[in-house]
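Participant: For reference, the chains in residue letters:
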Amino acid sequence: MRDFNIEVIIQNKEMARDPVGETIRRDLLAKKGYKMVSNVRSGQYLRFNLEAENEDAARRIIEDLLNKLRIFNPVTQNFKILNLKKGN
Amino acid sequence: MTKVKLNGEDINIEMTKDEFEAVKELLKKEPNVTELGMFDVMWSEHCSYKSSRPKLKLFEDAEKNYDYVLAGPGQDAGVIDIGDGYVLAFRIESHNHPSAIEPYHGAATGIGGIIRDILCMGVRPIALLDPLRFGCLKDNSHSQWLFKYVVKGIADYGNCTGIPTIGGEVEFDDSFESNCLVNVACIGLGTKEDFQHAPSKAYNPGDYVILMGGSTGRDGIHGVTFASRTLTEMSEADRPAVQIGDPFIKKMIIEATLEAVKTGYVRGLKDLGGGGLTCATSELTGSGDTGADVDLRKVITREPGMNSYEIMLSESQERMAFIVKPEGLETVLDVFRKYEMSFAVIGRTDGSKVLKVYDGDTLVVSIPSKALSESPTFKREEKRPKYLDKLLLEKIPKRILSLDEIIYKLIASENICSKEWVYRQYDHEVGVRSVIKCGEGDSGVLRIIGTNKFIAASVGVNSKHCFLDPYEGSKGGLVEQCGNIISHGAKPIAMVNCCNFGNPEIPESFWYFSKSIDGMNDFCRDLRIPIVGGNVSFYNEDEVKKTAIKATPVIMIVGLIIGQENIITLPFKEEGNEILIIGETYAELGGSEYHSVIYDMEGGIPPKVNEREIKKRWDYIFELYRNNYIKSNHDVDKGGFVITIAEMCFKHNLGARLNIKDYNSNRLKDDELLFSESVGRFIIEIKPADHDEIMNLAEKFGVYVKQLGTIIDSPELIISGFQSKDIKLDLSKMKSLYDSTLPNMMDI
Amino acid sequence: MSVKIAVIQFPGANCDLDAIHVLKNVIGIETDLVWHNHFKESKYDGVILPGGFTFGDYLRAGIIAAHSPAIDEARVMLKDGRPILGICNGFQILTESQFLPGALLRNDSLKFVCKWVNLKVENNNTAFTNKMERNMILDIPIAHGEGRYFTDNLKELEENNQIVFKYSNEKGNITAIANPNGSMDNIAGICNLERNCIGLMPHPERASEPILSPNNTEHGKLFFDSMVEFIKRRTS
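Note that the protein sequences, when read in sequence, are chains A, B and C. 516 is the number of the first residue of the first sequence in the numbering used here; add one for each residue after it. 62 is the number of the first residue of the second sequence in the numbering used here; add one for each residue after it. 29 is the number of the first residue of the third sequence in the numbering used here; add one for each residue after it.
Pulled out of the complex, with its shape left as it was, chain A reads as follows:
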């Protein structure tokens, strides 16, 4: 068994609206000299420290808990595993 460090980003699905991202771009960035930014998406960041046999097992555990416990909302969101590192 080894220690793993897994970072996950949860975002609204591409086809779903992201009022937070839209508002940041339109009402903050575009007005304050950052018109070159064409799109902003918001999300939540979670980091998990866990024990598993190997990388694949660790990845499976994370996918399992995200889905089973509805940590992300499958109707409107998806998730991406950003980083999977062996912990100290």
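Derived from the structure by calculation, the hints contain no laboratory data. Ideal Cβ placement from N, Cα and C applies to all residues, glycine included. Heads up, some of the hints might be wrong.
Facing chain A, a subset of chain B residues (Cβ under 10 Å, in silico) [to be verified]:
| id | residue |
| --- | --- |
| 1 | Ile162 |
| 2 | Tyr165 |
| 3 | Gly278 |
| 4 | Asp307 |
| 5 | Ser377 |
Covered by chain C, per the in silico footprint, the following chain B stretches (three or more residues, Cβ under 8 Å) [as the list claims (entries may be wrong)]:
| id | region |
| --- | --- |
| 6 | 215 to 223 |
| 7 | 481 to 487 |
| 8 | 490 to 497 |
Based on these hints, arrange chains B and C on the given structure of chain A.
Facilitator: This is chains B and C only, laid out in the frame that chain A set:
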């Protein structure tokens, strides 16, 4: 789904083959895909009311028969003239199917939708009310999940838009487990002038058609026709049909719209809800007897490459359509610019009576404006369910528990306990109008600043009663909701309803709807309460389990109180004052909380309504008000009158000593007397010095009134006069049970 | 000499009209509702930043409004000592604009709370509390989801007497039960060093008329009466 051939291709549509033929008849040609899609949506049950319209025609013409009704059923909201130059708009809607799949966004967009409907009448939305229904919470994590997120969705959206939620109700019953009900109501206040600027019709050729608000994306295409199908395994795949609302943009839309209306250049307003741009353009031109040219290239889209079908059927949230006088175009657009709202001038009205939609220079849709709103109606069969006869005869097994044990169980039960867990999450004071707030009384009471008038509003119905007898149950709902505002001193002046039923194609389900409409119709005509609007949600039925929800015709009543001194409140005021009950109790335990909580029973004889009797009681109460005789008032509801009295004791930690022996004119058993939910009864507090006059007036009005007892200083409920022994209830214990049920279940 | 106050209307503000109603109809002073892009400080003796959900509270409550030109204008008023009151979302905007120290975080219950609370007056020597008694218990409502006050410099706030209100019970005891959102030290409102700028989470504009108060009190009025007094003293 029906399979038809369109231009040689097989295509699946929601409508029937007959409806498809009717479309071809109307257009005198075969429609293209976009046109067919538009009919498919507009002729869906949700948009066209095809199953319910024949029945709803029974209601009297409110606009014609009541001079203060300015807009009746069929418009975006009911509007009544309340004097002093003010009008009140109100409406109630359902968002059941989306909320069952995705409770947070479903409920939130439901609020978004109802706010828009009120805004369409040119007035400011000032209050929300939410009648909700879920499966029982105990040991049911699915129901708890739905409940938690529906409340959060309503709270987040309502709070962000700054509209206080001033009332509502929650009912829990197993029949709602797979089909929760999320109905949302909104009240708007404005001047008569503002309302006159915003009819939902484009009645003048040459006006501009402007789309304002959020951009158009691929959201919810077919979200509406999905609502007319029952929930089955299909639901998982259907999940994308739930939109994400944006309450911040909605708030900006509210301010921009109200300011635009005040310029005087807006000639028509419509929100884009179910059916999107199709519904808005066709209803505006159809009811205004005009036509329009609309160019889809002008519509601001959020996603690239959207075709005409997608743009016409998109249900992207937060969009409004304006019909603007040509001479005022720039003035109105300047208002939109001030609020930095995105807008597009997408077309102009004309006298052609045809809705023409272009993609640049290409004509992609050409439909007579009225055609989309004129779906054929269906005469549905109705049949009284066979199970009712047996159910009505159900009787309880021998009573084992003592009366006080039963009362402690009832006060803690889900349908009776305090709903504070819910309303603490709603901002119920923004707008500084809330005089009687959530949890303080039977209904919400709002002041109208600058006048001495107050608005009272209440919403709800008893679905367990309606399940056993939809005719008496819907009348009972009216009695109950009127009672809720009468107990605060308000006179009922108008009603809207939200009918939630099962599959109308099943005769037993349609029977419930039909009888509920009959009940509302008879009662409202008799008691002269105009029905100024309604909403029908069918197909609340689980196709797989074959369980339909209990019939739920939700009633909303609005009334007025003139003068702050005439507002009556609920809590008992003074030790030594007398406690009186107005109205007899009958052996009507059918559908009571007593039956369901203690015996898990659904049957029995439910309460009946006697309109003559109810009218006399109401007239009597107002006579008592005129003489300042009533110190507090609470109408009797679920659980019977002991629960009512306990609730009146809670606030000031008072108690009551009662003797119910004389109050048993119908020789009922102890439990029948205490727990029957006979409708239209009130508990009032009076001064002993006024006793004789009050009883004299009761005789004069022909109303049954009895003194039950006296208010005492200690938090105890002492009741004697039973066939069995006296009981003594600890009110502190009762309050603690009442307060802790929901937090214990939801806040772990 | 007439007093003129501005209530700034940011996109998404909800309690602006409520503040206008109290100032115009209850206190009786000249008040303008000013769209944030149009706000010019030179015309006004004082300014109110009302409650609501400016910019939907997206990203962080108050952060986008903090970048509005209206805040640059208000900064001039902050520096020359004119009274500035931030209510609820207004308080959040003031901390994000750094007119006041600290930050407002999500309630520890993670739920929005709307109810009446008690506040103990800790400092009655500010632009908005000079008509109150020290240790007075106020009756006033809250309605917020992000009201938990946090600072990494509590000691400095205490030493400088910048804590103006604390959540208490009816008797004035500062207890955990009386704290509706988990604020550090039960802090409900604070002021700047110069004492002309106050931010608080509760809503005085909802407590200025007995008809709206469950106890028939009108403690909210004291805030605005104090402001008028402060302006009169400054300009005399």
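Participant: Please go over all the hints and tell whether each is borne out by the structure.
Facilitator: Taking the hints in turn, this is what the structure says about them:
1. Ile162: holds (7 Å)
2. Tyr165: Holds - the Cβ of B/Tyr165 comes within 10 Å of chain A, reaching about 8 Å at its closest.
3. Gly278: Holds, because the Cβ-Cβ distance from B/Gly278 to chain A comes to roughly 7 Å (cut-off 10 Å).
4. Asp307: For B/Asp307, the interface hint holds, since the closest Cβ of chain A sits about 4 Å away, which is under 10 Å.
5. Ser377: holds (8 Å)
6. 215 to 223: With 6 residues in contact (Cβ-Cβ under 8 Å with chain C), the coverage given for the region 215 to 223 of chain B holds.
7. 481 to 487: holds (count 4)
8. 490 to 497: holds (count 6)
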